[in-house]
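Asker: Heads up: the protein sequence lines correspond to chains F and S, in order.
In this text, residue positions in the first sequence follow my numbering: the first is 1, and each later residue adds one.
In this text, residue positions in the second sequence follow my numbering: the first is 1, and each later residue adds one.
To be clear, the hints were calculated from the coordinates, so they are not data collected in a lab.
Treat each hint with caution, since some may be false.
With a straight-line Cα cutoff of 30 Å, these simulated DSS-like cross-link-like pairs (lysine-lysine) come out [as the list claims (entries may be wrong)]:
id : chain 1 : residue 1 : chain 2 : residue 2
1  : F       : K55       : F       : K158
2  : S       : K83       : F       : K158
3  : S       : K138      : F       : K158
4  : S       : K183      : S       : K138
5  : S       : K83       : S       : K183
6  : S       : K138      : S       : K190
Beyond 10 Å from chain S on every Cβ pair, some chain F residues (computed) [to be verified]:
id : residue
7  : L74
8  : A104
9  : S105
For glycine and all other residues, C-beta sits at the position ideal for the given N, C-alpha and C.
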Amino acid sequence: MPVDLRKRAVAIAVLAVLCVGRERMWAAGQWAAPPPSGTSAIPAAQLIQPEELNKLLHTRGAEMPLILQVGSHLMFAQAHIPGAEYAGPGSESEGVQLLRGRVASLPRGAFIVLYCGCCPWNRCPNVGPAYQLLRGMGFTRVKVLYLADNFGDDWANKGFPVASGR
Amino acid sequence: MQAGGSVAPWPRTGRRAPLCALFVAFIAAPLVPPFAYAGVPHPRRVIACAARVGNPLLNKPAPDFALVDLNGQTLRLAAYRGKVVLLNFWATWCAPCQVEMPVFAAWQRQHGPQGLQVIGISMDDDAAPARRLVERLKLNYPVAVGDERIGVRYGGVLGLPLTFLIDRDGVARARFQGETDMKVIENRLKTLLAQRRAQK
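Given the sequences, and given the hints that come with them, work out the whole structure.
Answerer: As structure tokens, this is what we get:
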């Protein structure tokens, strides 16, 4: 391969990389990359939408899930889904212990819904580890409430029922 | 092509080299840091988030509060009347918050002389991790650990990050929920800094 052609190839490759990554590079300069949150590992089939859960909660005779909030206790105290229990942040060892202890005696076929809503879905550090823990313990009917932005916007502000207190 | 299905060495001809290089670069670019970070919020999406600032608290006096900051001092919002206050709710488990906070510290240095006061309210359940992060980031503005009362007073802090801009008269003028383009916040901040106090 002639030298000038090789140089040209390298130059074009560099330019192409810069062009393709220009927008992302700009954004990355402004936003340091946070670590992956783990929500991407939750299968889509295991997600439950807010509307779906709200409808379930209002369906007489329907099997009610055990709803566990696996995020901030302070947020839980402000507002949570009625009947939900605080189970500790899934991203911290104390939270994992609390969650493990809460479900340890339950039958592995128990219907469980996990939620957090502390941050935008792909930034939530809690639901991914909590889901993996329950799956690892053998629970087969675990759903995760999909809150795209946060619990306020995707549940409370939609007029769905909330309770307060620890 | 060689026998047995093996692929010929790339590039096969000199003339195709630039085109092949271009193709490979386009394919490989997303794999090369910093281009590889797929989670970077797209500016258009960010602006859409920032535009959703409608909130019952806006254009009304920001709820006053008195908390004890991490240095043991009383942190009262009303004490900053006359300044433009950037009130930021954050937590150590909130990754986007930790991206914003060093920027807020830089703004405090840059715009402090013009009357900016940044206040941080940690929504962590414990003070210890908040204190560690504040020390690590060397924040130059007061930070207190919040509670559910301040959360409720501010309309429910049910998702982070959450930032309010409060004008020199103590009126909440903007609310930014979630990941927001920092330029949008800074532009609004500069507008407020340029305004004089209406009431004295």
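Asker: Kindly indicate which numbered hints from before are broken by the structure, ordering the numbers from low to high.
Answerer: 2, 3 and 7
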